[in-house]
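Peer 1: Residues per chain, in single letters:
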Amino acid sequence: MENKEVIIEVKDLVKSFDDRKVLDGVNLKVHKGETLVIMGGSGCGKSTLLRHMTGAYKPDSGSTFIKGKDITKMKESEFDNIRKIFGMVFQYSALYDSMDVEENISLVLKEHTKLAKDIISIMVKMKLELVGLRGFEKFLPSQISGGMRRRVGLARAIAMDPEIVFYDEPTAGLDPIVAGVIDRLILDLSKKLHITSIVVTHDMRSAFTIADRIIMLYEGKIIAEGTPDEIKSGKDPRLVQFVEGNPDGPIQFFQNSGEYLEELTK
Amino acid sequence: MQIAERKSNDVTVFDVDGDIDINSSPDVRKTFEKPIGEKTAKLVINLSNVSYIDSSGLATLVELLKRARSYGGKIRLSNLAAKVKSLFEITKLEKLFDIYDTEEEAVSNFE
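For the record, the sequence lines run as chains F and V.
Going left to right, the first sequence walks through residues 1 to 266 as my numbering numbers them.
Going left to right, the second sequence walks through residues 1001 to 1111 as my numbering numbers them.
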């Protein structure tokens, strides 16, 4: 991977919310065309890291470079241009309920391009074919299943032919079969369309299926990095606990009771 | 992106030079407005100098084809680079268009 083109680079990223350090010096390179999975437990900072990569959050210190340009120091107009090369798939798809499938996908094209209506309508059909949903243009999000809504979210993310797609928990809340369909689509689109994918998930099955490379975040730091096979055979007890889903281990989920009693009587 | 037009017998050949993308697709559409409106138009679009067509470009070509057909005209594509050809395959459009390896074949085949 070392000689591959770096499309995103995160350098010494630090971010705190109030007194809690959520990202504690994260360094990361994403290579063009790869699918990188960022995994970790709830609150480990993985969504926060993703939001720094998309420019939604500004760090306390450190930088995020997309195609060599530091997005933390960009003017809004410059950032708008960079923004066009990436698509986002949000948790629970985040479609507009009042708009039908076609309107949800075409919104970004209507807002950001000068393309004619009939051209956009052909593009929407092409995108829906790619996610296996041709014929569903006029359905409202409430009239289709959760898995289909995710696929619409995917079609929307690739509406502008992005170079990079960010996925925030793309399979959360789906049954295993539907989740498997979404995994297959992510793989398919990434390889066919040569898209660089960054996926935040705590779904281990999904991570091992789609990833070229996995990083594990714990307490705002990257504690493991490697191919799915390397991660599976990793020896770090925190990694092992996470991969096995074991409630007991070095990752603590309960505060110690002494502090609790002190806190009650403070 | 630029488009030059020339005649080869009763066939009009268009040489497209540059990418057909979100920025240039509207121009492509405009350029073909007149020739496509002519009845029984025989058009060949030579894509040898096109290295990339995004989905707006593909949609624009589909729309041109649709319009040409409605007027009784024909559109053929020739000289697609490997990368461009694979885009037609991924989107299954290679079955929709008459695609020829060379301009010569595309021009000579018209009835």
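Honestly, the hints are just simulated from the structure, not real lab data.
Everything numeric in this text was worked out from a predicted model, so none of it was measured.
Even glycine gets a Cβ: it sits at the ideal position worked out from N, Cα and C.
Hints should not be assumed to be uniformly reliable.
Pairs of lysine-lysine, DSS-like flavour, derived with a Cα cap of 25 Å [as the list claims (entries may be wrong)]: (1) F:K125 <-> F:K114; (2) V:K1074 <-> F:K117; (3) F:K191 <-> V:K1066; (4) F:K125 <-> V:K1066; (5) F:K11 <-> F:K29; (6) F:K125 <-> V:K1007; (7) F:K84 <-> V:K1083; (8) V:K1083 <-> F:K125.
Partial pick of chain V residues on the chain F-facing surface, computed with a CB cut under 7 Å [said to hold, decoys possible]: (9) G1018; (10) I1022; (11) S1051; (12) D1054; (13) S1055; (14) A1081; (15) T1091.
Pair by pair, the computed Cβ-Cβ distance ranges are [stated by the list, open to error]: (16) F:Y92 <-> V:E1005: 45 to 55 Å; (17) V:E1005 <-> F:L107: 52 to 62 Å; (18) V:S1108 <-> F:S63: 30 to 40 Å.
Peer 1: All hints are to be evaluated individually against the structure, with a verdict given for each.
Peer 2: Results of checking the hints against the structure:
no., hint, verdict
1, F:K125 <-> F:K114, "18 Å, holds"
2, V:K1074 <-> F:K117, "23 Å, holds"
3, F:K191 <-> V:K1066, "30 Å, violated"
4, F:K125 <-> V:K1066, "15 Å, holds"
5, F:K11 <-> F:K29, "9 Å, holds"
6, F:K125 <-> V:K1007, "34 Å, violated"
7, F:K84 <-> V:K1083, "22 Å, holds"
8, V:K1083 <-> F:K125, "22 Å, holds"
9, G1018, "16 Å, violated"
10, I1022, "5 Å, holds"
11, S1051, "14 Å, violated"
12, D1054, "5 Å, holds"
13, S1055, "5 Å, holds"
14, A1081, "15 Å, violated"
15, T1091, "6 Å, holds"
16, F:Y92 <-> V:E1005: 45 to 55 Å, "51 Å, holds"
17, V:E1005 <-> F:L107: 52 to 62 Å, "36 Å, violated"
18, V:S1108 <-> F:S63: 30 to 40 Å, "58 Å, violated"
Of the numbered hints listed earlier, those contradicted by the structure are 3, 6, 9, 11, 14, 17 and 18.
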